[in-house]
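J.: Here are the chains, one letter per residue:
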Amino acid sequence: MTLDEILASLFPAGHDIAVRPDRLILGTGRRRNGGAIEVIGIADGEPLGIAGVLPLAERVLQVIAAGGNAPILVMVDTRGQRMARRDEMLGLNEYLAHLAKCLLLASRAGHRTVGLNYGKAAAGAFLATALATDILVALPGAAPAVMDLPSIARVTKLPEDRLKALAQTTPVFAPGLASMTEVGAVAALWDPLQPLDAQFEATLGKIPDHDVRDALGAARGGRRMASEVAQRVAAEATGDRHEAAS
Amino acid sequence: MSDTAMRGTASLDTASWFLASARERLAGLLDPGSFVEYLPPAERVQSPHLALFDLPTAFDDGMIVGRGRLDGRDVLVAAQEGQFMGGTFAEVSGAKLVGLLRAARTHADLPQKLLLLLDSGGVRLQEANAGELAVAEVMRAIVEARSAGVTVIALVGGRAGAFGGAGLTAATCSRIVISEQGRLGVTGPEVIETNQGVEEFDSQDKALVWSVTGGRTRRLIGGADAYAQDTMIGFRDAARALLDGAPAFGFRTLRAEQDRLAARQAQLGDCATSVAMWTVLGIADPAAVRDMDDADFAALAAGVKGIDHDAR
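Chains U and B, in that order, are what the protein sequence lines are. One point on numbering: in the numbering used here, the residue at position 69 of the first sequence is 69, and numbering is uninterrupted. One point on numbering: in the numbering used here, the residue at position 49 of the second sequence is 1049, and numbering is uninterrupted.
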């Protein structure tokens, strides 16, 4: 689906969402019930750098400051963080983390946050946007990844053919929507043939009140250990507190 | 420095943080005998994925979590071993940190100070999806813990630095301590050079690498909250000084961070080099920043406006 098609299907009651020349998505859509959905995002695979983070985070902070409980939709098609010496020198890690923190604060302040991956999503830009929402959904054709397979082959010094074969047996490293769904990152896949506004409303109704991604990964078999390991650490930490206090 | 010299009791305080292992750092940081480890190596909770790649595992998966005391104060600790798989976030290593953060968030009778000894190139590519998601879970857990009143302090000074997901994790913490040798960023110099060409970033130029991501640059632009000497006692003193008074996580802090980061872009965004940034910041002899000793640097940093803030 193109971005225009997605927006038309999401907001049949109208919207003022536009893609700016710098490929940032900003605007407000109308729900059938008359309420607002605040939309931020990044389009056309554009990398996310310092200049892109600031307007998006500013918008999230304005939504929080305005009060209310309008949901925030984060639409993502980005090939990753901007790779530039200047952005690194200025502390890109702080900028990307800041955007993630603003989204996490928004959901704590009553604005349910939904990530929608409809194109690429990778690495630090993925962490700063779609992975910092209450729930992440995707449309067919989305291509979330940490790093592409040729680059993984280069870094791990394993032949690409071997990696391709391994990818058939485990979702733990291979790029793609199926893998990201199995490990618990993507909660649900939307059906492009059905109206997206109804699917958005249904997604809003399913937002968990805590981070369930590790449990989801265990249930789907793509990340069997994470949830249990986290629970064991917490159990040991709380179990020893009387002994250690003495 | 030899292992013997590093472990000698008299020299422990002054042993290099940069050269030490994660366990040596914990020994140098915490009061003697105070460390209690959760899921210790004896439990052999290790990566189920590395065997696929014919790679050796570690019984702690390169992440050590537990509790101890820092000069008598109870703290939770997590330390990455940068010499095992680059200290990377993976399914097990990430989950250990997530579990510790969630425990601190939920149980107010646990220590409400958490020290995070980062030494990591980011996500472990052999477990890329699990590692990326672990970082996302860590960032959310840090925010939840901070919202519950936990202070999370990142210590950056290991050989792997703190890049990728580790760089974002550091900036999600309440405070960041860094040494001259500490490097903090997102994309490492080698990856930028591979993707954008040597004209964009020459990863072989060590002075350039340090000027872009190194501890002095981070401290002077407010990207780190304290500058530590590269010793056990250096990090211990810096961490102790930050235990109290960290900014609460909330709207006011993030509004201030937005303004701080926007002002940095406006003030320094046109600078091509770190020396150009120091000139804009009004540092009298900008070229001397790189080579001055730690004491002179600390004195210089104390005079730079805006680098101490409650906007993280």
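Do not take every clue at face value.
Said to hold, decoys possible - Computed footprint of chain U on chain B; a stretch qualifies when at least three of its residues, placed anywhere within it, have a C-beta under 8 Å from a C-beta of chain U:
hint	region
1	1102-1110
2	1122-1130
3	1239-1248
4	1256-1262
As the list claims (entries may be wrong) - Cβ-to-Cβ under 10 Å is the rule here; a few derived chain U residues that face chain B:
hint	residue
5	Thr2
6	Glu58
7	Arg82
8	Gly124
9	Glu160
10	Met180
11	Ala188
12	Lys206
13	Ala226
14	Gln231
15	Glu236
No lab work stands behind these hints: they were computed from the structure. No experiment lies behind these values; they were computed from the predicted model shown. For every residue, glycine included, the Cβ atom is placed at its ideal position computed from N, Cα and C.
J.: Next, verify each hint and record whether it holds.
T.: Hints, verified against the model:
A count of 7 residues in the region 1102-1110 of chain B with a Cβ less than 8 Å from any Cβ of chain U is obtained; the coverage claim is therefore met, three being the minimum. For the region 1122-1130 of chain B, the stated coverage by chain U holds: 7 residues have a C-beta nearer than 8 Å to a C-beta of that chain, and at least 3 were required. Under a criterion of three residues with beta carbons nearer than 8 Å to beta carbons of chain U, the stated coverage of the region 1239-1248 of chain B fails, only 0 such residues being counted. Only when three residues or more bring their CB closer than 8 Å to a CB of chain U does the claim for the region 1256-1262 of chain B stand; here the count is 4, and the claim holds.
Interface restraint check: U:Thr2 against chain B, minimum CB-CB distance 27 Å, threshold 10 Å, status violated. At a threshold of 10 Å, the smallest CB-CB gap from U:Glu58 to chain B is about 6 Å, leaving the interface hint in force. Because the smallest distance between the Cβ of U:Arg82 and any Cβ of chain B comes to about 8 Å, under 10 Å, the interface hint for this residue holds. Evaluation of the U:Gly124 hint against chain B yields a held restraint, the C-beta minimum of about 5 Å falling below 10 Å.
Given the 10 Å rule on beta carbons, the hint for U:Glu160 is violated: about 13 Å separates it from the nearest Cβ of chain B. A hinted interface residue such as U:Met180 counts as satisfied when its beta carbon comes closer than 10 Å to some beta carbon of chain B; here the least separation is about 6 Å, so the hint holds. The restraint placing U:Ala188 at the interface with chain B is violated, with a minimum CB-CB distance near 16 Å, outside the 10 Å limit. Evaluation of the U:Lys206 hint against chain B yields a violated restraint, the C-beta minimum of about 18 Å exceeding 10 Å.
Evaluation of the U:Ala226 hint against chain B yields a held restraint, the C-beta minimum of about 4 Å falling below 10 Å. Below 10 Å, beta-carbon pairs count as interface contacts, and U:Gln231 has one with chain B at about 7 Å; its hint therefore holds. Satisfaction of the interface hint for U:Glu236 is found here, the shortest Cβ-Cβ separation to chain B being roughly 4 Å, below the 10 Å cut-off.
Comparing the model with each earlier hint shows violations of hints 3, 5, 9, 11 and 12; every other hint is respected.
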